[in-house]
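A.B. asks: Sequence:
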Amino acid sequence: MSTVAMKSSSKPGQEPSPEIRARGALAGRLGDYVMLAAVVLLALVWIAPLVWVFALSFKPNAFLEQHTDVLFSPPFTLQNYTNILGTSAVGGWLINSVIVSLGQTFLTLVIASLAGYGFARTEFPGKRYLYVICLAGLAVPEQALVIPLHSIFASLDWHNTYGALILPRLASPFGVFLMTQYFKAVPVDIEEAALLDNASRFKVFWRIVLPLSIPAQATLAIFTFLSAWNDYLWPLVSASKPEMYTLTIGLASTQGNFAQSEGIGYLMAQAVFAGLPIFVLYLFFQKYIVAAVAGTTVR
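Once you know that position 221 of the sequence shown is 221 in UniProt numbering, the rest is easy, because the numbers rise by one and skip nothing.
Treat the hints loosely; a few may be bogus.
[Unchecked claim] Distance condition first, Cα-Cα at most 20 Å in a straight line; then the derived EDC-like pairs of lysine to aspartate or glutamate:
| hint | residue 1 | residue 2 |
| --- | --- | --- |
| 1 | 184 | 142 |
| 2 | 203 | 189 |
| 3 | 203 | 123 |
| 4 | 127 | 142 |
| 5 | 241 | 123 |
| 6 | 203 | 191 |
Everything labelled a hint here was simulated from the structure, so no lab data went into it.
None of the values given here were measured: they were computed from a predicted structure.
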C-alpha cells in the first residue's frame, strides 16, 4: 500500500480531519440552498394564479376588455366589490353557506370520531368487512349519487331546506379513515388505566382520547369546511329557490354567461370574495394541520 493511500485511509473511531468536516459542512449548506430555491420556486408557481386573480379583481371591467396583462399599474377600482355587496341577496347567501358549512363540519366530526374510535378500539362481529365497505365509499364518484339523493329528498319534500344541503355530505369515508388511523396511534395503556378505574368506554373516549385527537379533528374540519363551502353540484340540484342558495350558487347565478355579462374584473372579485373565508380559516388552524401531518401534538 502506498503512503498516500495509507494517509487517506482512516482508522476506526478516528475523528475526520478539519478539511473533511469543512467539505461536509459546505456540501450540506449547498444542499440546503438548493432545497430552499426549489421550495421558493414552487411557491411562486403556486401563488402566481392567486396574485393574478386578486389583481384583476381591482381593475375596471372596461379596461380589462382591452388589457389583461397589466396587473400592478393603474387604473384601480373597488367597483367590482361594491357590485357584489350591492346585491341584496349576497348577505343571505353568505349566511346560508356559513350554516351549511359549519353544520356539515360539526356533524361530520361527531360521526367520524365515533366511528373511527369504534373501528380502532372496539371488537364486534363483521368489523373488518364493515370497515372495508366504508373505505369502498372513497371509490364512488360524487356524480353517481346525485340522482338517488335527489329522488330520496324529493320524496321526503326536503329540498330547499338546510337539512337537504347538510345531510347528504355527512357520510365521509375519508373522515372515518383519518380518525381510525389516528386513534390506532394513541397508546392503549392510557385507556386501559382509565378502564381499570371503572371508567366507561364513552367516558374514556370523551375525557381522554378525544382531546388527544385535536390535530386530526382540526385537519378533518378544515377539509370538510372547505369542501362544504366550495360545493356546487349538490346545492345546485337541491336549492331551487334563490333564498336558499349558498354563496357559490348565488354568485354563479349573477353571471349569465361567465365574464360576458359583467366583466372579468367582477368575476375575479367573486372568486376572491368566495375564497377569503377559507383563507382566514386556514390561517387560524394551520398549526393543527401541520401537527397532524407531522404526527406531533400542538403546544
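A.B. asks: What are the numbers of the hints the structure violates, in ascending order?
C.D. replies: 1, 4, 5
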